[in-house]
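**Q** Numbering of the sequence shown is given in the working numbering, commencing with residue 474 and proceeding in unit increments.
The hints are simulated quantities; they were obtained by calculation from the structure and are not laboratory data. Please read all numbers here as calculations on a predicted model, not as lab measurements. Any given hint could be a false lead.
[Stated by the list, open to error] Keeping only pairs whose Cα atoms sit at most 27 Å apart, straight-line, the calculated DSSO-like set for lysine-lysine is:
1) Lys528 / Lys513
2) Lys550 / Lys528
3) Lys626 / Lys553
4) Lys536 / Lys560
5) Lys522 / Lys538
6) Lys536 / Lys522
7) Lys543 / Lys528
8) Lys528 / Lys545
9) Lys528 / Lys560
10) Lys560 / Lys513
11) Lys638 / Lys543
12) Lys543 / Lys560
13) Lys528 / Lys538
14) Lys638 / Lys536
15) Lys545 / Lys560
16) Lys626 / Lys550
17) Lys626 / Lys536
18) Lys543 / Lys553
19) Lys560 / Lys538
20) Lys638 / Lys522
21) Lys553 / Lys536
22) Lys550 / Lys538
23) Lys528 / Lys553
24) Lys626 / Lys538
25) Lys626 / Lys638
26) Lys550 / Lys560
27) Lys538 / Lys553
28) Lys638 / Lys538
29) Lys522 / Lys553
30) Lys513 / Lys536
31) Lys513 / Lys626
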Amino acid sequence: MFDWFISIMASALTFFYNLTATLGFANYGVAIILLTIAIKMAIYPLTAKSVRSMKAMQEIQPKMKALQEKYKGNPEKLNKELAALYKESGVNPLSGCLPMLLQMPILIAIFFAIRDFQYLHQPSFLIWTNLGQPDTTYILPVLAALTTYYQSKQTTTDMTSQQNKMMLYMMPLFIGYITTQFPAGLGLYWVVSNLVQIAQQWWMYRKPAAATGEAK
Numbered sequence: 474m475f476d477w478f479i480s481i482m483a484s485a486l487t488f489f490y491n492l493t494a495t496l497g498f499a500n501y502g503v504a505i506i507l508l509t510i511a512i513k514m515a516i517y518p519l520t521a522k523s524v525r526s527m528k529a530m531q532e533i534q535p536k537m538k539a540l541q542e543k544y545k546g547n548p549e550k551l552n553k554e555l556a557a558l559y560k561e562s563g564v565n566p567l568s569g570c571l572p573m574l575l576q577m578p579i580l581i582a583i584f585f586a587i588r589d590f591q592y593l594h595q596p597s598f599l600i601w602t603n604l605g606q607p608d609t610t611y612i613l614p615v616l617a618a619l620t621t622y623y624q625s626k627q628t629t630t631d632m633t634s635q636q637n638k639m640m641l642y643m644m645p646l647f648i649g650y651i652t653t654q655f656p657a658g659l660g661l662y663w664v665v666s667n668l669v670q671i672a673q674q675w676w677m678y679r680k681p682a683a684a685t686g687e688a689k
């Protein structure tokens, strides 16, 4: 079943490669970029829902901290008060995770599709002579780490939490490292995916402010 899903992603990559060929500049790198953008646009509703949920949780953080301080010796009462706060604010703590879980099959499928793709010729793009091999210039791993850091920082407001601090710095390092081990095509996919995510999050975060400004 999942192999079938992977084959769909591989077919999509072939489609975009053929599109670049039709346009007169057949290139697997451009095809990967187009495929990445198409995927991010397709799952935008899930992304928007996840971002809205995270933003709503951030907005009630002060109230949550006040309750945690007030009832730190009474976990049962704390849970009841937090549940009441979520209901009052119309927030579901799990709603931010569900869209991400639903995206995982897509991410895994595109991972294997690009990794195992049967290229018609050596896939080159800009300075990278073979996207089927790891990036020996380390440019893509560095960009993957930097864009992952920035994308995470956009949605991390509570920097007093040691867990948040650790995730903010450790995840980009982990992504950068594994990108050195995988084909450069996957690194290109990750960097472009992050850039699109950053743009989407910027747009979603600015919309309420823009609406408020227009109302004034």
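**Q** All hints are to be evaluated individually against the structure, with a verdict given for each.
**A** Verification of the hints:
1. Lys528 / Lys513: holds (20 Å)
2. Lys550 / Lys528: holds (25 Å)
3. Lys626 / Lys553: At roughly 31 Å apart (the allowed maximum being 27 Å), Lys553 and Lys626 break the hint.
4. Lys536 / Lys560: holds (13 Å)
5. Lys522 / Lys538: The hint holds at about 24 Å.
6. Lys536 / Lys522: Measuring from Cα to Cα gives roughly 22 Å; hence the hint holds.
7. Lys543 / Lys528: holds (24 Å)
8. Lys528 / Lys545: Status holds; Cα separation ~25 Å.
9. Lys528 / Lys560: holds (16 Å)
10. Lys560 / Lys513: violated (31 Å)
11. Lys638 / Lys543: Satisfied, since the Cα-Cα distance of roughly 25 Å is no more than 27 Å.
12. Lys543 / Lys560: Within the cut-off at roughly 19 Å; holds.
13. Lys528 / Lys538: holds (16 Å)
14. Lys638 / Lys536: holds (21 Å)
15. Lys545 / Lys560: holds (21 Å)
16. Lys626 / Lys550: Violated. Lys626 to Lys550 sits at ~32 Å, over the 27 Å cutoff.
17. Lys626 / Lys536: holds (22 Å)
18. Lys543 / Lys553: The given pair, whose Cα atoms are some 13 Å apart, holds under the 27 Å limit.
19. Lys560 / Lys538: With a Cα-Cα distance of about 17 Å, the restraint between Lys560 and Lys538 holds, given a limit of 27 Å.
20. Lys638 / Lys522: Distance of about 24 Å is within 27 Å: holds.
21. Lys553 / Lys536: The hint holds at about 14 Å.
22. Lys550 / Lys538: holds (14 Å)
23. Lys528 / Lys553: Holds, at roughly 22 Å.
24. Lys626 / Lys538: Holds, because 21 Å separates the two Cα atoms, which is no more than 27 Å.
25. Lys626 / Lys638: holds (10 Å)
26. Lys550 / Lys560: holds (15 Å)
27. Lys538 / Lys553: Measuring from Cα to Cα gives roughly 14 Å; hence the hint holds.
28. Lys638 / Lys538: holds (18 Å)
29. Lys522 / Lys553: holds (25 Å)
30. Lys513 / Lys536: Violated: Lys513 and Lys536 sit about 34 Å apart, past 27 Å.
31. Lys513 / Lys626: Holds: Lys513 and Lys626 sit about 19 Å apart, inside 27 Å.
The structure is inconsistent with the numbered hints 3, 10, 16 and 30, although it conforms to all the rest.
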